[in-house]
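Here the sequence shown stands for residues -19 to 186, where the numbers follow our numbering.
Treat the hints as calculated values from the structure; they're not laboratory data. Computed from a prediction, not measured in an experiment: that's the story for all the values here.
Below are the DSSO-like pairs computed for lysine-lysine, each with C-alpha atoms no more than 27 angstroms apart in a straight line:
no. : residue 1 : residue 2
1   : Lys157    : Lys69
2   : Lys99     : Lys147
3   : Lys69     : Lys50
4   : Lys69     : Lys147
5   : Lys157    : Lys147
6   : Lys69     : Lys99
7   : Lys99     : Lys157
FRET-style restraints, in silico, Cβ to Cβ:
no. : residue 1 : residue 2 : range
8   : Val121    : Ser81     : 38 to 48 angstroms
9   : Ala78     : Thr168    : 29 to 39 angstroms
10  : Arg119    : Glu82     : 33 to 43 angstroms
11  : Glu55     : Tyr150    : 20 to 30 angstroms
12  : Arg123    : Gln41     : 15 to 25 angstroms
13  : Glu158    : Gly40     : 20 to 30 angstroms
14  : Val121    : Arg145    : 20 to 30 angstroms
Heads up, the beta-carbon is just placed ideally off N, CA and C, and yes, glycines get one too.
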Amino acid sequence: MVEIQSFAPILDGTDAKFASKSGGDSLPARVTVSGHPGSGTSTLVAGLCKQLNWEMLNGGQVFRNTAAEKGMTLEAFGQYCIDDDSVDKELDQMLTDAMLSENSPQIVESRLAGWWAFKHQLNCPRIWIEVSEEVRANRVVNREGGNEEEQLALIRERMEYDGARYKQLYDIDIESKEPYTCIIDSDTMNAEQVLSAALEHLEAYS
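All chains, full assembly: derive it from the sequences and hints.
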């Protein structure tokens, strides 16, 4: 079991927590993991949780839970968010509030988690998983079948839409890497190598 210990407040006044590892070392216990769909963020988070016995909060799960609470399918709720910008903002605020909570899970995973931590000046590692459009398309085809060229076109269409939406809602350039303390290029790395790189960054950050 990972032992959670209190730690001295950091300079911006935000309380930080650290988690003990075997051997008495410590790792920062608030970490954000972000990346485009298909980049492998969920795989990395699962690996970190298993390796460190940590808990996580997933932005996609917040979306799914809210859809279920409203009695809507994911498709219908997605359209609802498109039609009403305030819904997206409400979901992101829920994620931010959880991140800032004293009882925040050690890992927060979402496309904008790193941005929210950066904007709120949280002194924590903010990891971005970089992956090319071509590799993402290949992963989708391997997982779900279909045509790679069609998947690539869909990915580019979604990236263009999401980029415009984040710019409109928050004045955020989703392609900017400014918020991140670590960028892992996963194009030529397997899941174990990505996990190893993330753990190395956490140890260096602490």
